[in-house]
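Undergrad: Here's the letter readout for the chains.
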Amino acid sequence: MLSLRDLSVSFRGRPVLRNLSLDLAPGETLGLVGESGSGKSMTALALMGLLPPGFVASGSIRLDGNELLGLADADLCRLRGRAMAMIFQEPMTALNPVLSVGAQIAEGLVLHGLMAPRAAREEAIRLMERVGLPDPARRARSYPHELSGGQRQRAMIAMAIACRPALLIADEPTSALDVSLQVEILALLREIRDETGMAMIFISHDLSVIHAMADRALVLYGGLAMETGPTRHVIGRPSHPYTQGLIAAIPRGSAHTERLRPIPGQVPDLSRLPPGCPFAGRCDLGDARCAETLPPLRTGLTALHCHHAELAPA
Amino acid sequence: MNPAWRHPSFGVGAVLMALVVGAALLSLVWTPHDPTVMRIMARLRPPSAEHWLGTDQFGRDIASMVLVGARNALLVGLVAVGIGLVFGVALGMLAALYRGRLLDEAVMRGLDFVFAFPAVLTAILILTWFGPGLVNAVIAIGIFNIPVFARQARGATLQVLAQDYIRAARLAGLSRMAVMLRHILPNITGLMIVQGSTQFAFAILAEASLSYLGIGTQPPNPSWGRMLNDAQTYLGTAPHLAIVPGIAIAITVLAFNLLGDGLRDLLDPRMKER
Amino acid sequence: MVLFLIKRLVGLVLTLLFAALVIFLVLEILPGDPAAMMMGVSATPESVAALRAELGLDRPAAARFLEWLGGFFTGQLGLSYTYRVPVAGLIAERLAVTVPLSLLALGLAVAFGVTLGTLAAAHAHRRADLIIMGMTQLGLAIPNFWFGILLVLVFAIGLGWLPAGGFPGWAADPMLASRALLLPAIALALPQAASLARITRSTMLETLSEDYIRTARAKGLSRSQTIRRHALRNALIPVLTILGLQFSFLLAGTIVVENVFALPGLGRLLIQAIGGHDLILIKSLVLFYVATAILVNGAVDLAYGLADPRLRVGRA
Ligand SMILES: Nc1ncnc2c1ncn2[C@@H]1O[C@H](COP(=O)(O)OP(=O)(O)OP(=O)(O)O)[C@@H](O)[C@H]1O
Ligand SMILES: [Mg+2]
Numbered sequence: 000m001l002s003l004r005d006l007s008v009s010f011r012g013r014p015v016l017r018n019l020s021l022d023l024a025p026g027e028t029l030g031l032v033g034e035s036g037s038g039k040s041m042t043a044l045a046l047m048g049l050l051p052p053g054f055v056a057s058g059s060i061r062l063d064g065n066e067l068l069g070l071a072d073a074d075l076c077r078l079r080g081r082a083m084a085m086i087f088q089e090p091m092t093a094l095n096p097v098l099s100v101g102a103q104i105a106e107g108l109v110l111h112g113l114m115a116p117r118a119a120r121e122e123a124i125r126l127m128e129r130v131g132l133p134d135p136a137r138r139a140r141s142y143p144h145e146l147s148g149g150q151r152q153r154a155m156i157a158m159a160i161a162c163r164p165a166l167l168i169a170d171e172p173t174s175a176l177d178v179s180l181q182v183e184i185l186a187l188l189r190e191i192r193d194e195t196g197m198a199m200i201f202i203s204h205d206l207s208v209i210h211a212m213a214d215r216a217l218v219l220y221g222g223l224a225m226e227t228g229p230t231r232h233v234i235g236r237p238s239h240p241y242t243q244g245l246i247a248a249i250p251r252g253s254a255h256t257e258r259l260r261p262i263p264g265q266v267p268d269l270s271r272l273p274p275g276c277p278f279a280g281r282c283d284l285g286d287a288r289c290a291e292t293l294p295p296l297r298t299g300l301t302a303l304h305c306h307h308a309e310l311a312p313a
Numbered sequence: 000m001n002p003a004w005r006h007p008s009f010g011v012g013a014v015l016m017a018l019v020v021g022a023a024l025l026s027l028v029w030t031p032h033d034p035t036v037m038r039i040m041a042r043l044r045p046p047s048a049e050h051w052l053g054t055d056q057f058g059r060d061i062a063s064m065v066l067v068g069a070r071n072a073l074l075v076g077l078v079a080v081g082i083g084l085v086f087g088v089a090l091g092m093l094a095a096l097y098r099g100r101l102l103d104e105a106v107m108r109g110l111d112f113v114f115a116f117p118a119v120l121t122a123i124l125i126l127t128w129f130g131p132g133l134v135n136a137v138i139a140i141g142i143f144n145i146p147v148f149a150r151q152a153r154g155a156t157l158q159v160l161a162q163d164y165i166r167a168a169r170l171a172g173l174s175r176m177a178v179m180l181r182h183i184l185p186n187i188t189g190l191m192i193v194q195g196s197t198q199f200a201f202a203i204l205a206e207a208s209l210s211y212l213g214i215g216t217q218p219p220n221p222s223w224g225r226m227l228n229d230a231q232t233y234l235g236t237a238p239h240l241a242i243v244p245g246i247a248i249a250i251t252v253l254a255f256n257l258l259g260d261g262l263r264d265l266l267d268p269r270m271k272e273r
Numbered sequence: 000m001v002l003f004l005i006k007r008l009v010g011l012v013l014t015l016l017f018a019a020l021v022i023f024l025v026l027e028i029l030p031g032d033p034a035a036m037m038m039g040v041s042a043t044p045e046s047v048a049a050l051r052a053e054l055g056l057d058r059p060a061a062a063r064f065l066e067w068l069g070g071f072f073t074g075q076l077g078l079s080y081t082y083r084v085p086v087a088g089l090i091a092e093r094l095a096v097t098v099p100l101s102l103l104a105l106g107l108a109v110a111f112g113v114t115l116g117t118l119a120a121a122h123a124h125r126r127a128d129l130i131i132m133g134m135t136q137l138g139l140a141i142p143n144f145w146f147g148i149l150l151v152l153v154f155a156i157g158l159g160w161l162p163a164g165g166f167p168g169w170a171a172d173p174m175l176a177s178r179a180l181l182l183p184a185i186a187l188a189l190p191q192a193a194s195l196a197r198i199t200r201s202t203m204l205e206t207l208s209e210d211y212i213r214t215a216r217a218k219g220l221s222r223s224q225t226i227r228r229h230a231l232r233n234a235l236i237p238v239l240t241i242l243g244l245q246f247s248f249l250l251a252g253t254i255v256v257e258n259v260f261a262l263p264g265l266g267r268l269l270i271q272a273i274g275g276h277d278l279i280l281i282k283s284l285v286l287f288y289v290a291t292a293i294l295v296n297g298a299v300d301l302a303y304g305l306a307d308p309r310l311r312v313g314r315a
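Protein chains in written order, with numbering that gives the first Met the number 0: chain A, 0 to 313; chain B, 0 to 273; chain C, 0 to 315.
These are computed hints drawn from the structure, not numbers from a lab.
Note that this is a predicted model, so its numbers are computed, not measured.
Where a beta carbon is used, it is the ideal one built from N, C-alpha and C, also for glycine.
Treat the hints loosely; a few may be bogus.
Distance condition first, Cα-Cα at most 25 Å in a straight line; then the derived DMTMM-like pairs of lysine to aspartate or glutamate [claimed, not checked]:
hint: 1; chain 1: C; residue 1: Lys6; chain 2: B; residue 2: Asp229
hint: 2; chain 1: C; residue 1: Lys6; chain 2: B; residue 2: Asp111
hint: 3; chain 1: C; residue 1: Lys6; chain 2: C; residue 2: Asp300
Non-contacting residues of chain C with respect to chain A, defined by C-beta distances greater than 10 Å in every case (computed) [claimed, not checked]:
hint: 4; residue: Leu15
hint: 5; residue: Leu20
hint: 6; residue: Leu118
hint: 7; residue: Leu278
The task is simple: from the sequences and hints, build the whole structure.
TA: Now the structure itself:
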């Protein structure tokens with residue numbers, strides 16, 4: 000249903016995302032994993048057609064066969080919230096402080112012509128009940144500041160699934176929450192996904208969360224897809240030196256809480272990225288060729304961009 | 000070329016200000032006619048080769064009066080801003096130094112109070128008491144400027160005081176006064192100049208209003224606001240009297256507003272780094 | 000919260016009292032002999048003495064002050080020296096001009112200021128923005144009384160559409176009366192609209208960079224729908240606080256503009272009172288202006304709490 004071909008995003012001539020290709024089937028979940036600044040959010044925003052000013056996307060994004068790139072904003076508006084929806088990273092600031100939670104959930108239903116305002120308000124209460132908000136009839140009249148972080152994220156989820164989108168993009172929906180809440184929200188998202196059969200792009204910097212949520216995983220680094228494949232292979236038998244480094248760096252026992260700080264060296268500044276593999280400077284196998292030419296896509300058990308890695312047999 | 004000139008507000012503001020200052024300076028040495036000489040035979044003349052902008056109801060040359068008016072306007076701005084700056088900055092720095100204590104509270108409350116009076120009203124109150132006139136009008140406007148500068152100065156001083164090097168300077172034995180003069184004053188000068196530019200514009204507008212009402216500059220001193228008052232009486236027969244003084248006020252106010260805006264951008268540290 | 004409100008109210012009342020005290024001091028105590036000041040140099044000692052008696056100046060200042068304050072509640076503010084009619088009646092009569100004029104101007108200023116500021120922010124750094132911002136600079140630079148004169152030149156003297164000045168009174172012909180207020184209101188609104196537009200632009204730009212704007216867009220709202228339904232209210236909350244200060248300027252503006260258009264309002268009354276050295280009238284008028292400015296600022300503070308649910312009282 001969703002198919003990206005050579006999607007690139009740049010900001011003032013600097014690449015932020017390079018030649019990303021992927022396909023997503025209905026009901027499937029893709030886990031997008033990578034360190035901070037690797038371009039995860041920009042990928043999501045490019046899909047939604049909501050890149051901040053100054054960012055330019057090229058390539059192809061097809062949703063149910065329709066090309067999204069280059070579509071007029073008015074046409075994208077019909078798709079946003081209806082065909083594809085998004086949950087944002089920051090539950091504290093992603094809700095409008097001066098509108099009641101119920102009104103914000105109901106808004107999309109009315110906007111896309113699915114319901115009359117009154118019916119939408121009732122549907123909003125049902126949705127709030129579905130996402131596990133206590134006392135939804137009263138909560139619908141509350142304002143965001145009266146909700147806790149977890150409750151706000153539940154409200155965000157209710158808002159995103161209101162119009163039953165075919166694709167849900169969840170950008171680190173649990174990163175701002177503490178661990179026990181994280182587990183609950185992840186369970187909720189899984190339930191809703193299985194119930195509705197929607198496809199999902201789940202973004203996280205936490206491999207264990209990706210492991211719990213995604214059928215397939217895509218490891219992003221410096222705007223380039225390092226390795227992609229079934230989650231269990233990417234995590235269980237990674238071929239790319241970067242992925243291997245990531246997994247080796249997970250501290251045992253507390254994989255949930257630890258942010259990725261895996262590999263020696265710094266995440267490269269995107270403005271001074273080498274023309275070749277962004278990982279070249281930090282990679283054990285890196286050589287002059289790595290820094291100069293973009294490695295081709297090679298496919299084994301997983302698909303990866305690397306000159307050197309030995310592919311695990313499929 | 001200095002990058003400052005490329006800032007559009009600053010550039011346009013600077014050019015306009017040069018125009019006004021030029022006119023004021025020119026009027027010191029030369030005007031087409033003597034602006035105070037009345038010629039009853041040549042009343043309310045439209046613009047001509049002899050009188051470029053015509054004459055007023057007493058036959059005085061408008062062009063000359065407008066030129067001399069520039070001097071008046073700049074003087075008003077300078078003095079009114081000067082009063083606001085001197086007292087405002089002193090009070091603001093003092094309040095910041097004794098932050099949270101009685102003195103701070105008293106100063107800031109007092110200034111809030113002055114601020115609660117609409118400016119023109121403060122001026123009217125003062126002019127009622129002291130009698131109308133240019134000097135009193137300027138003092139009145141200056142008084143309104145004090146809280147504006149004081150608030151800014153207090154905020155800026157508090158920011159500077161929070162810096163580590165101030166604490167170091169204090170530990171090194173520098174007295175409060177020395178810290179204020181040597182470290183704080185230079186640091187808040189930029190901000191005060193920006194505010195000064197804006198208040199300059201405000202002062203010129205306020206003086207024009209008061210003079211228009213007849214309680215500011217008194218004849219025979221030349222004032223654009225006063226000229227507009229006279230012009231209104233003859234609006235039907237000599238509309239040209241009402242145009243040029245208004246344009247002169249607008250240009251001068253625009254000049255200082257733009258200059259202030261431009262300076263604010265240029266002094267903004269985020270802009271400086273580029 | 001209740002405590003906060005009480006504190007605010009007490010502060011307000013104290014400010015008002017203090018304002019009254021200052022006005023009283025400046026106008027009645029500092030001149031030494033107000034009666035002599037009012038009558039000018041040509042007055043005979045007898046007539047000054049008579050006025051002094053009429054004003055009750057022989058009584059202690061504190062008593063006079065309290066009596067004057069009480070007058071604001073009972074309406075006994077004394078007789079105007081120049082008009083020989085009760086001050087309270089004069090003020091009430093003139094309010095019928097000044098209040099509608101201020102409200103009309105405020106309405107115009109808010110409507111134009113907010114619309115233009117929002118438009119400028121929506122087209123930030125593009126041509127429409129530059130044009131609007133240029134216009135606001137002009138609006139701030141043009142003195143409102145001169146703008147009034149220009150309006151009279153064009154619309155009254157030139158085109159003859161609207162009256163050049165004067166006021167026929169509400170009773171005679173309400174239609175004509177409101178037409179008489181139109182040009183003055185426009186003149187009065189110009190600088191207010193300009194500064195409101197600038198403030199709205201900057202708060203709107205700040206609001207448009209908030210996360211919840213992106214959330215609204217992700218829901219499928221168009222840019223303009225997002226601005227109207229999600230950004231405007233948030234952007235206007237800070238504008239509201241400025242509105243109190245703006246009103247002070249507007250009030251001061253009425254004094255000038257009423258004189259441009261010869262409108263029989265409070266401002267013209269004040270200038271006439273000053274011309275006639277009518278201290279009795281002046282002190283009540285000035286306090287009336289100042290009290291209005293202070294009360295409006297106080298009311299705006301409270302309205303701020305109502306507009307922002309985060310500050311609203313009594314919700315769980
Ligand atoms: N407003 C912006 N202007 C310029 N560059 C930006 C901006 N926002 C993000 N970037 C750049 O785009 C790159 C990708 O950022 P993105 O937000 O997609 O990272 P991310 O993977 O989502 O990281 P995080 O885990 O911190 O959310 C970053 O390197 C960042 O430097
Ligand atoms: Mg992100």
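Undergrad: Now, for every hint given, state plainly whether the structure supports it.
TA: So, going through the hints one by one against the coordinates:
1. C:Lys6 <-> B:Asp229: 49 Å, violated
2. C:Lys6 <-> B:Asp111: Between C:Lys6 and B:Asp111 the Cα gap is close to 16 Å, so the pair holds against 25 Å.
3. C:Lys6 <-> C:Asp300: 13 Å, holds
4. Leu15: 32 Å, holds
5. Leu20: 41 Å, holds
6. Leu118: The claim holds: C:Leu118 sits with its nearest Cβ about 17 Å from chain A, beyond 10 Å.
7. Leu278: Since the minimum Cβ distance to chain A is about 49 Å, C:Leu278 lies beyond 10 Å and the statement holds.
Hint check: a violation occurs at hint 1 only; the rest are consistent with the structure.
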